[in-house]
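Enquirer: Given next are the chains, with one letter for each unit.
Protein chains: 2
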Amino acid sequence: MKTQFHNYIIELQDHISSKLEEVDGKGQFHEDSWERPGGGGGRTRVLEDGDVFEKAGVNISAINGSLPEALKKQFKVEEGDFFACGLSIVIHPKNPFAPTVHANWRYFEMYNTEGEIISQWFGGGQDLTPYYFFKDDVIHFHENCKKVCDKHSSDFYNEFKKSCDEYFWNTHRNELRGVGGLFFDYLKETNEFSIEDRFNFVCEVGNNFLESYLPILKIRKHTSFSKENRLWQEIRRGRYVEFNLVHDRGTLFGLKTNGRIESILMSLPPKVQWRYDYSPEIGSKEAELLDILSKPINWLE
Amino acid sequence: MKTQFHNYIIELQDHISSKLEEVDGKGQFHEDSWERPGGGGGRTRVLEDGDVFEKAGVNISAINGSLPEALKKQFKVEEGDFFACGLSIVIHPKNPFAPTVHANWRYFEMYNTEGEIISQWFGGGQDLTPYYFFKDDVIHFHENCKKVCDKHSSDFYNEFKKSCDEYFWNTHRNELRGVGGLFFDYLKETNEFSIEDRFNFVCEVGNNFLESYLPILKIRKHTSFSKENRLWQEIRRGRYVEFNLVHDRGTLFGLKTNGRIESILMSLPPKVQWRYDYSPEIGSKEAELLDILSKPINWLE
Chain A
1 MKTQFHNYII
11 ELQDHISSKL
21 EEVDGKGQFH
31 EDSWERPGGG
41 GGRTRVLEDG
51 DVFEKAGVNI
61 SAINGSLPEA
71 LKKQFKVEEG
81 DFFACGLSIV
91 IHPKNPFAPT
101 VHANWRYFEM
111 YNTEGEIISQ
121 WFGGGQDLTP
131 YYFFKDDVIH
141 FHENCKKVCD
151 KHSSDFYNEF
161 KKSCDEYFWN
171 THRNELRGVG
181 GLFFDYLKET
191 NEFSIEDRFN
201 FVCEVGNNFL
211 ESYLPILKIR
221 KHTSFSKENR
231 LWQEIRRGRY
241 VEFNLVHDRG
251 TLFGLKTNGR
261 IESILMSLPP
271 KVQWRYDYSP
281 EIGSKEAELL
291 DILSKPINWL
301 E
Chain B
302 MKTQFHNYII
312 ELQDHISSKL
322 EEVDGKGQFH
332 EDSWERPGGG
342 GGRTRVLEDG
352 DVFEKAGVNI
362 SAINGSLPEA
372 LKKQFKVEEG
382 DFFACGLSIV
392 IHPKNPFAPT
402 VHANWRYFEM
412 YNTEGEIISQ
422 WFGGGQDLTP
432 YYFFKDDVIH
442 FHENCKKVCD
452 KHSSDFYNEF
462 KKSCDEYFWN
472 THRNELRGVG
482 GLFFDYLKET
492 NEFSIEDRFN
502 FVCEVGNNFL
512 ESYLPILKIR
522 KHTSFSKENR
532 LWQEIRRGRY
542 VEFNLVHDRG
552 TLFGLKTNGR
562 IESILMSLPP
572 KVQWRYDYSP
582 EIGSKEAELL
592 DILSKPINWL
602 E
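Taken in order, these protein sequences are the chains called A and B.
Here the first sequence is numbered in our numbering, starting from 1 and rising by one per residue.
Here the second sequence is numbered in our numbering, starting from 302 and rising by one per residue.
Any given hint could turn out to be false.
[What the hints assert, rightly or not] Derived lysine-lysine pairs resembling DSS-like cross-links, with alpha carbons at most 30 Å apart:
#1 B:K395 / A:K271
#2 A:K271 / B:K519
#3 A:K256 / B:K596
#4 A:K2 / A:K76
#5 A:K256 / A:K162
#6 B:K489 / B:K463
#7 A:K162 / B:K557
#8 B:K377 / B:K463
#9 B:K522 / B:K448
#10 A:K94 / A:K285
#11 B:K528 / A:K271
#12 B:K596 / B:K463
#13 A:K26 / B:K572
#14 B:K395 / A:K227
#15 A:K227 / B:K522
#16 A:K76 / A:K162
#17 B:K377 / B:K557
#18 A:K227 / B:K327
#19 A:K227 / B:K572
#20 A:K256 / B:K572
#21 B:K596 / B:K447
#22 A:K73 / B:K374
#23 B:K374 / A:K76
#24 B:K572 / A:K295
#25 A:K271 / B:K586
#26 B:K557 / A:K72
#27 A:K221 / B:K572
#28 A:K221 / A:K295
#29 A:K271 / A:K221
#30 B:K572 / A:K285
#31 A:K26 / B:K528
#32 A:K76 / B:K373
#33 A:K256 / B:K463
#34 B:K373 / A:K73
#35 A:K72 / B:K373
#36 B:K586 / B:K528
#37 B:K557 / A:K73
#38 B:K557 / A:K295
#39 A:K227 / B:K528
#40 B:K463 / B:K522
Because the hints were derived from the structure by calculation, they are not lab data.
Quantities reported herein were computed from a predicted structural model and do not represent experimental measurements.
Put together the whole structure using the sequences plus the hints.
Expert: This is how it looks when you write it as structure tokens:
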């Protein structure tokens, strides 16, 4: 399974990054291959200052070795090895009317001291962070999320959509990071689902990623915008930074376990502003977004 | 003591904010008074888009009530009340050659269920974060730090300078946030120092703050700079954000205990950039700064 999924994300990284270059028309991905001192490594690809994308990262990593202290604690295991691989995508478009998107799909194996697998699972998800609210965009994204879920279980969409809203709740701001999507973790083998079923589900989500995002981008990428629209985008990007650095489990885990910092922090937006106590005018498009982000919404009902 | 110190910081806030307005010449502080639901409140003053200061905050707060859960844990106390008051300053000048400065002086009292003081202490410090290295500036700042310390104990400067370097070590970047200064906490009554001695020491530091910073600002505030200098400043400000949101105990404590978010996050710089894996040219002024920040330096030896 680990080879199977690793091969899958290698191909998916190639596919997604070449498609994004095509959409951008100007920007090209810069690639860095890196090795992890404890075992394994990754291939980081970042495109900056494109025509459409201000910053886009499409990264894979496959790491292994003895369980870091933080993971031993988390899984209540005294000793053991692990393998983890995954693909992470964060796309920050230039245009303030085009949403930021994030996706991550990962597979984890844990071994006992004899090297036998004692646990294996998939995790991941994808979520959308708009700066201006367009209902059609959000519905398109969620319809795609539901479509891929429904092929595997009629429960998945509701369950993973709810987890996504819970995970991306920015507690100190009392608002959602964005309009959600899917979030799932610890998808293990059960009576109902084999580990191959889990693999097939995650591939279904991964294969659908571009279809869930590119049509939105296509409509919004060339909308004309003002300085004020751009200011709003940069202020909202500040909330994205706050969420990722204060609450995001993946980011904090990476920072505290000597992950490759530049690969982890490629998620941070390129240009960001913090204004003291900034609030948009009542009734404005900016205020509409804040209203949308104040509580989870069932987009497909 | 609590009234005495509270009165002191009220006056010091007035003094420092009026001096900063004078230096800026254009910008004016916007003031927000706020109340804390659990008890107490504060007076936040922020100046934005000045001639010299891009963003400057000079905030006081005096809060009280029953100990929040996080503090009960930290102090291993089951029940009790507290009082805390302090002044916090963060100044982000426009000019990339002028350093950012941060200062904080605070006083804390903890009470048993009968309302008797069971513990009281002072804490605080001040530190400098340059974007370009000018040895004279750093020495001026540290000389002032030493001067105020030496009036109270010949041990203070070395001790609090070392604590400052330790506290502002940005672990995930493996570098210092800036060139340090002073950091002290839990300054309680001892055989050697009464609580009035502690009070007098903290006032000495507070009263000297402008003298330790304004002469540097005066020299640097009108230095001509290029787009590249400004880019470097904005990238380095990103490290400031990373430190404050990932490691700073005060910031995280505030975010996790429902502090007034906008007062806490006034510390974040106004315009910030994250470029993937940005590193300055070898031998450049930018690279010189990174070298300076790679390890603590004894500036006065």
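Enquirer: List, from low to high, the hint numbers that the structure doesn't satisfy.
Expert: The structure breaks none of the hints.
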